[in-house]
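One rule links them: number in this note's numbering = place in the sequence shown (from 1) + 863.
Simulated from the structure, these hints should not be mistaken for laboratory data. All residues carry an ideal CB built from backbone N, CA and C; glycine is no exception. Be aware that a few hints might be false.
As the list claims (entries may be wrong) - Under the rule of at most 27 Å between Cα atoms (straight-line distance), these lysine-lysine pairs were calculated in the DSS-like manner:
id, residue 1, residue 2
1, K1052, K1122
2, K1122, K1205
3, K1086, K996
What the hints assert, rightly or not - Here are the simulated distance ranges between beta carbons:
id, residue 1, residue 2, range
4, L1196, D1012, 45 to 51 Å
5, K1205, L986, 17 to 23 Å
6, K1205, G960, 33 to 39 Å
7, R1245, K1205, 33 to 39 Å
8, K1067, V1204, 19 to 25 Å
9, L1196, G1113, 40 to 46 Å
10, P1107, A866, 51 to 57 Å
11, L1235, V954, 34 to 40 Å
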Amino acid sequence: MQALIWRYLWGSPRPLIRWLLRLSFGGLALSAWAWIVVASVFNGFSSFLEEVFQRADPHIRLVGQGLTDSLRQALESLPEVEAASGIYERVAILRYGGRQAVVRLRLVDEKYPEVSRIGTQLLWGENFPLREKHLLIGAGVAGQLALADLEEEALWVYLIPSGRRIAFAGMEGLLKQRAQVQGIFSVQKEYDDTWVIARQSDWKTIQGNGYDLIEIHLASSVKMESFVKALRRKLGGNVEIQDPRRQHEGLYRVLAQEKVLARIGLFFLLLLTLMGIISSLSAFLLLGRRDWALYQALGASHRWVRQFLQRLAVVLLLGATFTGFFLGTVTVLLQDKFKLVKLRGGEGFLLQYFPVRLAWEDFLWLLGLVGLAAVFVSVYIRYQLRRLDLRSALQGD
């Protein structure tokens, strides 16, 4: 039976049947290829963003009330925690010459370099530890200020405690300090356009009883979910515990929604392809009814004919799907290895090419949909065979 299936798929003496089945095979293979490639691009962008965020973000960030230094020390004493850093965050204005920029001023302690690797993302300057009255600033902030010769122009940091104070006292009434730029980093727009990092010891007057944030770096062997659950039980509901996903929940939600929309589009493409295959199989069934009648006349049972046609349809569907899997996998691996497709306008950014990553769930999703289609086609073939009068086919009707 396998040899006969192969003959009908690729060597049928009827040109119309031969090309219908070939086009159906090629269309489904291309749909499967597109499914894998498009899904891998979305997976690649998600992985790239996770990697980028990991260069700057902690494993866990605590936000809320009661973030005292004693809590930070207690957390750091836990065996799962490698380092814990207490951070004050304020809104500030940087002024350089005739330009200024509103920034998030992050006042960090000596433990911060053990929690965040943002210092490894420098475009210019020196890494941690920060020298007295020196700053690490994002590339976007540096661009807004058009930093040039810091020896000629002074860089001033104005701390903004409230909008009311600016209204009554003006800029000169704010707490200010002259500073030097120690380094310029580039991680991602969210950081580059707003972040400025300074030492807490340079701003002793603003330090209160509690930190705005406590950031934690975990040991490599620690499971994130179990640690977060245990920590939540200890801290209660006054403190929000943010894992890497929670820290950028909005962005990841948008990426997930875009992937769902892409899958919906690919599903309709696949649905159109499968409808075309069903039409091709209907034509194949009708045009070959003399063959099915002849097989029965030579002793084949009606069940044998039905099983032959069902197996042919399944071989067509699964063969085309696995061919698409193979082509899609090869395409993704080539892109990952040789960076063949570039991002238009990517020059000067962190990413110049389309990132890709294969995921098993994408293969399983498509295989499941094609499996459902195979079941439907099998039922459809059984239905059509019941309607055909094969005896009349041998009589020339």
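Verification of the supplied hints:
| no. | hint | result |
| --- | --- | --- |
| 1 | K1052 with K1122 | holds (22 Å) |
| 2 | K1122 with K1205 | holds (20 Å) |
| 3 | K1086 with K996 | violated (38 Å) |
| 4 | L1196 with D1012: 45 to 51 Å | holds (48 Å) |
| 5 | K1205 with L986: 17 to 23 Å | holds (22 Å) |
| 6 | K1205 with G960: 33 to 39 Å | holds (37 Å) |
| 7 | R1245 with K1205: 33 to 39 Å | violated (51 Å) |
| 8 | K1067 with V1204: 19 to 25 Å | violated (52 Å) |
| 9 | L1196 with G1113: 40 to 46 Å | violated (32 Å) |
| 10 | P1107 with A866: 51 to 57 Å | holds (55 Å) |
| 11 | L1235 with V954: 34 to 40 Å | violated (55 Å) |
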